[in-house]
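Trainee: Put chains B, C and D on the given structure of chain A with help from the hints.
Number of protein chains: 4
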Amino acid sequence: MNTNINANRATLLISCPERPGIISTVSNFLLEHKANIVHFDQHTTDPLAGIFFMRIEFDMNHFDESFSKLKEDLPEMAREYSMEWKLSGKGERKRMAIYVSKMDHCLLELLWRWKSKELEVDIPLVISNHPDMREVVEGFGIPYHHVPITPDTKAEAEQKSVELLDGKVDFIVLARYMQILSPSFISKFPNRIINIHHSFLPAFVGANPYARAFNRGVKLIGATAHYVTNDLDEGPIIEQDVQRVNHRHTAQDLKIAGRHVERQVLAQAVAWHVENKVIVHGNKTIVF
Amino acid sequence: MNTNINANRATLLISCPERPGIISTVSNFLLEHKANIVHFDQHTTDPLAGIFFMRIEFDMNHFDESFSKLKEDLPEMAREYSMEWKLSGKGERKRMAIYVSKMDHCLLELLWRWKSKELEVDIPLVISNHPDMREVVEGFGIPYHHVPITPDTKAEAEQKSVELLDGKVDFIVLARYMQILSPSFISKFPNRIINIHHSFLPAFVGANPYARAFNRGVKLIGATAHYVTNDLDEGPIIEQDVQRVNHRHTAQDLKIAGRHVERQVLAQAVAWHVENKVIVHGNKTIVF
Amino acid sequence: MNTNINANRATLLISCPERPGIISTVSNFLLEHKANIVHFDQHTTDPLAGIFFMRIEFDMNHFDESFSKLKEDLPEMAREYSMEWKLSGKGERKRMAIYVSKMDHCLLELLWRWKSKELEVDIPLVISNHPDMREVVEGFGIPYHHVPITPDTKAEAEQKSVELLDGKVDFIVLARYMQILSPSFISKFPNRIINIHHSFLPAFVGANPYARAFNRGVKLIGATAHYVTNDLDEGPIIEQDVQRVNHRHTAQDLKIAGRHVERQVLAQAVAWHVENKVIVHGNKTIVF
Amino acid sequence: MNTNINANRATLLISCPERPGIISTVSNFLLEHKANIVHFDQHTTDPLAGIFFMRIEFDMNHFDESFSKLKEDLPEMAREYSMEWKLSGKGERKRMAIYVSKMDHCLLELLWRWKSKELEVDIPLVISNHPDMREVVEGFGIPYHHVPITPDTKAEAEQKSVELLDGKVDFIVLARYMQILSPSFISKFPNRIINIHHSFLPAFVGANPYARAFNRGVKLIGATAHYVTNDLDEGPIIEQDVQRVNHRHTAQDLKIAGRHVERQVLAQAVAWHVENKVIVHGNKTIVF
Chain A
1 MNTNINANRA TLLISCPERP GIISTVSNFL LEHKANIVHF DQHTTDPLAG
51 IFFMRIEFDM NHFDESFSKL KEDLPEMARE YSMEWKLSGK GERKRMAIYV
101 SKMDHCLLEL LWRWKSKELE VDIPLVISNH PDMREVVEGF GIPYHHVPIT
151 PDTKAEAEQK SVELLDGKVD FIVLARYMQI LSPSFISKFP NRIINIHHSF
201 LPAFVGANPY ARAFNRGVKL IGATAHYVTN DLDEGPIIEQ DVQRVNHRHT
251 AQDLKIAGRH VERQVLAQAV AWHVENKVIV HGNKTIVF
Chain B
1 MNTNINANRA TLLISCPERP GIISTVSNFL LEHKANIVHF DQHTTDPLAG
51 IFFMRIEFDM NHFDESFSKL KEDLPEMARE YSMEWKLSGK GERKRMAIYV
101 SKMDHCLLEL LWRWKSKELE VDIPLVISNH PDMREVVEGF GIPYHHVPIT
151 PDTKAEAEQK SVELLDGKVD FIVLARYMQI LSPSFISKFP NRIINIHHSF
201 LPAFVGANPY ARAFNRGVKL IGATAHYVTN DLDEGPIIEQ DVQRVNHRHT
251 AQDLKIAGRH VERQVLAQAV AWHVENKVIV HGNKTIVF
Chain C
1 MNTNINANRA TLLISCPERP GIISTVSNFL LEHKANIVHF DQHTTDPLAG
51 IFFMRIEFDM NHFDESFSKL KEDLPEMARE YSMEWKLSGK GERKRMAIYV
101 SKMDHCLLEL LWRWKSKELE VDIPLVISNH PDMREVVEGF GIPYHHVPIT
151 PDTKAEAEQK SVELLDGKVD FIVLARYMQI LSPSFISKFP NRIINIHHSF
201 LPAFVGANPY ARAFNRGVKL IGATAHYVTN DLDEGPIIEQ DVQRVNHRHT
251 AQDLKIAGRH VERQVLAQAV AWHVENKVIV HGNKTIVF
Chain D
1 MNTNINANRA TLLISCPERP GIISTVSNFL LEHKANIVHF DQHTTDPLAG
51 IFFMRIEFDM NHFDESFSKL KEDLPEMARE YSMEWKLSGK GERKRMAIYV
101 SKMDHCLLEL LWRWKSKELE VDIPLVISNH PDMREVVEGF GIPYHHVPIT
151 PDTKAEAEQK SVELLDGKVD FIVLARYMQI LSPSFISKFP NRIINIHHSF
201 LPAFVGANPY ARAFNRGVKL IGATAHYVTN DLDEGPIIEQ DVQRVNHRHT
251 AQDLKIAGRH VERQVLAQAV AWHVENKVIV HGNKTIVF
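Protein chains in written order, with full-length UniProt numbering: chain A, 1 to 288; chain B, 1 to 288; chain C, 1 to 288; chain D, 1 to 288.
Hints are computed from structural coordinates only; laboratory data are not their basis. Any given hint might turn out to be false.
[Stated by the list, open to error] Result set (DMTMM-like, lysine to aspartate or glutamate): computed pairs, CA atoms no more than 25 Å apart in a straight line: (1) C/K255 - B/E118; (2) D/K255 - B/E118; (3) A/K86 - B/D41; (4) B/K69 - B/D41; (5) D/K154 - D/D233; (6) A/K94 - A/E138; (7) A/K117 - B/D46; (8) B/K160 - B/E135; (9) D/K255 - B/E120; (10) C/K34 - D/D41; (11) D/K115 - B/E135; (12) D/K115 - B/D253; (13) B/K255 - C/D46; (14) C/K255 - A/E120; (15) B/K102 - D/E118.
Just chain A, same shape as in the assembly (with noise of 0.2 Å):
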């Protein structure tokens, strides 16, 4: 769901350890403050002992003002509470940085939503390991840098990488990038690298999954779009997805039905990171 852009709209994400009186407590606060309360999420894992998690979005009349009072206030509560939070305040747009290799699907479905408007970010360069993708890529108006990966430059590849994105980005899409990250690299951007996999049932590891997949004459394909950890494709899952194939299809047929669903899934599951609307718990996420 897209959230309605307002000018004097801001969000706020908690996480604590659970106990009486989080809801109350934050609500009072964000009256104090003139915040009006649009959307409320909430989620425990355990209303005794667990973790407590929420999200709020909130319209303030006088934004500046009264924002920058929040935003000074908001500390001493958490740390009351222990809370980690993250506030997002109006015109806070996400600057969303975008990995890609030869595959342009997920690269252009980003795009397209970007261009129309229903992915509310900014994209300040896009980087691949290939030339391919620079003209599609500067004809949206984006810079594109191509920082070329060998198994003998990879460290230096990524230092490149990493000046690329000093001090410009948010967070970072792989979409549909072919290099591993290294754990140095990830650390860098935890729970904020979006990574698309193909997902199927049962699941095909190591090479040629579609292949595979094929000979297995599986009935459905699908995808799964998750936050990258040091355990590869194993990071907490953000969204999924999948289609119904049958034994028509070819090995070929297959790889291009992935295609479809995993530029969905992956746009979705940008679209929701953008929102603030997912929280990382250990290795799953909440969803709001």
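Mentor: Showing chains B, C and D alone in chain A's frame:
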């Protein structure tokens, strides 16, 4: 989604005109009454001048005492905010009557979910205008009342039905009941009669919809569960779903496929109603 | 499902009154003409007295020679069985015109699938009653014709359109084209104009369907791709699909969700048309 | 899709090495034997050197006479083309044994579809390693055999089971049967034992899959119906489907949602098997 029934759990549904501080007021009220909030859902049609909807599940340690105090104090707060509210306490199992004609698929789905304790209701009786389902219903240990209806005896039959229900049920499910209820009957159970009907894209109004859907070559058939109002099949929608079909499906095959969608959709709608997850607003529902 | 285009592949579609021996006759005919059957699909409305439909994909080794012989001999068999038939040989790429107004989502989906060679057609031109899409269309290297339409110039504009198409296209896709075509225009492309429109359960006929679907609280929104006939939005359905929505979707959100369903459904319908998989029978389709 | 059982209908399944003229040969053969083809499905793994699969439904006017002649003559044609074939004539209802342990959802789904005549089989017996389902099964008028299994008595129990089945059944459905069958048992029913198991993206192999899926925060849960081979849960897939879940689903809720997918998927797979729509090729299926 199934709510884990907790011995000390209660549910509060609220609708009221928007104004600042509702969440704060209600959460303070609950905190004072020693209610631990487990699930909190909220929706507003317009944060400035709309209607505010809220659903709260909460636990209480010393339930009986705390709950009766809360029940006593609630009306005052409600008055102040012009709230409509519904409070459901521990152990208040809803009592569901099922109306059925000759088709058993929806009836059986409900009875099976009830028997497996997935559907936590009491079923004091099943009423039918035909004798056909007596054996199966009584096999589940549920009283079965055959109330035949002819054009001439319609009013009388409905009166009999009202007497059978009197004081015994909280809501009614029309599990493929092929009779139209009178406005007078419906007014006794506002937003508490759930019906299921087939749905097509485009709609085929009138007789023989499956034959006409077949002639039109639809690729999807669906079902809609809704609350019954005086506008036939036009009440607030609770749940909908579809199933894919193709040119090889005969009109009879469409009916069979339709049965499977109908029973899933109806059972889901009933579950949400039982879990107090549905609020009706005008001719639409909020399903938390 | 995507057909692997084979250099020596052809497709034969047949409809005719049922009678014994059709499959035998046609398969013997193909064998004699050295055609190796790759896919064979058949359907009958009634095995005794119905209409028989058949789609055959076949390969030929010495294509040019064998195919022209087959083409020469086919009419005789067809006459004997009162067959309607359509034969598409190797390299006969269909030529597709796209009509568009101001919304780009369906247009872009088609252009991408075309550029990625997933959609194997030629696109000789795009026609629009607005100038807005010129840049994007010409960016794909496709001629763009702006043919403005006012109530007064409608007939004239359509005449201009006919001239632009003359001899250049095999079928037309209305990719959210917001003008009604005249019966005279439609009759020039029988079952060769594909349209997409939103679909709801129940149907909301008339103006502002998204606003009305929102007011009704639908839980699914859908799209239907169909061939255009003189009955507005009532032609033979090729493909349909839906997407789940909920009370939090604004009317604007419903529109956005609708866009994603529309482009997937339209692109799928176009693919099947291009692969000669759709036979129209009365007001319904057989999609092999 | 449900086949309309016709009193004079028969089904022929064929697999054989590809070579020119198979369709021609078979359709001529059927024509000569006065069989009117109703449905004709075909698939090839490779039109030049692959395996050819065919399913034909046909009607015969003077069934008994014509069919026995066809049955007599079929082996000769089959020999010439190295065909494997399976012929099912009028009134040959398949006999299905159901194995069940303690969970009743799949069992009940099958029994309902059988009772409503949607599933056209005979059910000579239900076998269980537990006594729990006796009442419900006998309530449907079906003999129930309790064959307890301990690690020590496994071989003996299986022997008992073989004796119970002896000559009485055509195929077996494991409706959540929680025992592993021996290779010797499986070899008695090659591609004639259907199993259902839960499926997740990604796969969770080993104990407590629902708890682990919950911990991983999956957004879809699914089920796979497959023929049983000696590779546990790895046999040819017949059908799969999924259902959407979210962070509010407890591990118990996932199980319940899983039950609904399992029974739909298993019942569909069984229907296709009964209608002779499934051909196994290596470790995959063609489902016509």
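Trainee: None of the hints should be skipped; say for each whether it holds.
Mentor: Here is what the structure says about each hint:
1. Simply put, C/K255 and B/E118 have alpha-carbon atoms about 36 Å apart, too far for the 25 Å limit, and the pair is violated.
2. About 11 Å separates the Cα atoms of D/K255 and B/E118, which keeps this hinted pair within 25 Å; it holds.
3. Distance check on the hinted pair: A/K86 and B/D41 sit about 21 Å apart at the alpha-carbon level, within 25 Å; holds.
4. Between the alpha carbons of B/K69 and B/D41 the distance comes to roughly 23 Å, so the proposed pair stays at or under 25 Å and holds.
5. Proximity of D/K154 to D/D233 is assessed by CA-CA distance (about 20 Å); at most 25 Å being required, the pair is judged to hold.
6. Taking the CA atoms of A/K94 and A/E138, the gap is about 20 Å. The hint holds against a cut of 25 Å.
7. Between A/K117 and B/D46 the alpha-carbon distance is near 23 Å, which keeps this suggested pair within the 25 Å criterion.
8. As the CA atoms of B/K160 and B/E135 are separated by approximately 21 Å, the hinted pair is consistent with the 25 Å bound.
9. Of the pairs offered as hints, the one joining D/K255 and B/E120 holds, with about 17 Å between alpha carbons and a cut-off of 25 Å not exceeded.
10. Of the pairs offered as hints, the one joining C/K34 and D/D41 holds, with about 21 Å between alpha carbons and a cut-off of 25 Å not exceeded.
11. Between the alpha carbons of D/K115 and B/E135 the distance comes to roughly 14 Å, so the proposed pair stays at or under 25 Å and holds.
12. Pair hint D/K115 plus B/D253 holds up; C-alpha atoms about 17 Å apart against a cutoff of 25 Å.
13. Between B/K255 and C/D46 the alpha-carbon distance is near 19 Å, which keeps this suggested pair within the 25 Å criterion.
14. The hinted pair formed by C/K255 and A/E120 meets the criterion: a straight-line CA distance of about 17 Å does not exceed 25 Å.
15. As the CA atoms of B/K102 and D/E118 are separated by approximately 16 Å, the hinted pair is consistent with the 25 Å bound.
In this structure, only the earlier hint numbered 1 is contradicted, and the remaining ones agree with it.
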